[in-house]
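Turn these sequences into a full structure, and let the hints guide you.
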Amino acid sequence: GIQVEQSPPDLILQEGANSTLRCNFSDSVNNLQWFHQNPWGQLINLFYIPSGTKQNGRLSATTVATERYSLLYISSSQTTDSGVYFCAGISGSARQLTFGSGTQLTVLP
Amino acid sequence: GAGVSQSPSNKVTEKGKDVELRCDPISGHTALYWYRQRLGQGLEFLIYFQGNSAPDKSGLPSDRFSAERTGESVSTLTIQRTQQEDSAVYLCASSTQVSTDTQYFGPGTRLTVL
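Chains G and C are the protein sequences, given in the same order. So the first sequence is numbered by this note's numbering: it starts at 645 and just counts up by one. So the second sequence is numbered by this note's numbering: it starts at 6 and just counts up by one.
No lab work stands behind these hints: they were computed from the structure. One should not assume that every hint holds.
Claimed, not checked - The calculated lysine to aspartate or glutamate pairs, modelled on DMTMM-like cross-linking and capped at a C-alpha distance of 25 Å, are: (1) Lys698(G) with Asp106(C); (2) Lys698(G) with Glu711(G); (3) Lys62(C) with Glu49(C); (4) Lys698(G) with Asp654(G); (5) Lys62(C) with Asp654(G); (6) Lys62(C) with Glu25(C).
Since we're looking at a predicted model, the values are computed, not measured.
This is how it looks when you write it as structure tokens:
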């Protein structure tokens with residue numbers, strides 16, 4: 645199966661700062677999702693983005709499929725953005741998502 | 006329902022006991038997945054159901070783990086003779102039949118084996 649690498653593993657920001665999270669894939673993907681896991685463990689869907697660019701409020705994501713990576717941008721971060729951000733993808737004939745190890749984001753007031 | 010639901014939200018059991026975890030997918034979603042998340046780690050795939058096709062059990066870690074799904078509705082994950090290493094959050098997800106579609110996750114069941 646595919647390998648998914650996320651960076652950085654940990655990120656600490658002051659409220660109001662911007663950040664970029666990266667996800668690299670070992671193979672091309674036909675499904676790519678970004679999630680935010682809140683402190684209660686709930687996985688919240690952020691983006692379904694196997695290619696292209698999407699924006700939702702202060703968050704945006706870009707996937708460059710030919711180069712096998714995706715970026716998640718968080719602008720004007722808030723304390724409620726804290727938590728773990730996961731990317732996950734599906735390659736070839738697989739049906740299940742393969743997850744990265746996540747980026748632990750802490751936004752300080 | 007509006008989203009994927011799971012029960013119980015928390016389960017504490019003694020080593021050697023059997024447990025059953027339940028997942029109710031989004032109405033109309035024919036694909037259902039079980040994943041496991043150990044403390045501080047990402048999610049690992051366990052099993053996948055698609056309609057009436059044979060399930061993909063390739064992620065089940067041992068024969069103590071099994072799962073059933075009746076049609077396109079509720080699924081039950083059973084762990085027999087639980088071990089301490091089974092302690093984790095068990096998450097269920099559902100999607101439409103196409104793998105290139107969004108998977109939506111339930112809130113998970115936190116299993117603690119004493």
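Comparing the hints with the structure gives:
| no. | hint | in the structure |
| --- | --- | --- |
| 1 | Lys698(G) with Asp106(C) | 16 Å, holds |
| 2 | Lys698(G) with Glu711(G) | 18 Å, holds |
| 3 | Lys62(C) with Glu49(C) | 13 Å, holds |
| 4 | Lys698(G) with Asp654(G) | 24 Å, holds |
| 5 | Lys62(C) with Asp654(G) | 33 Å, violated |
| 6 | Lys62(C) with Glu25(C) | 17 Å, holds |
Consistency with the previously given hints fails for number 5 only.
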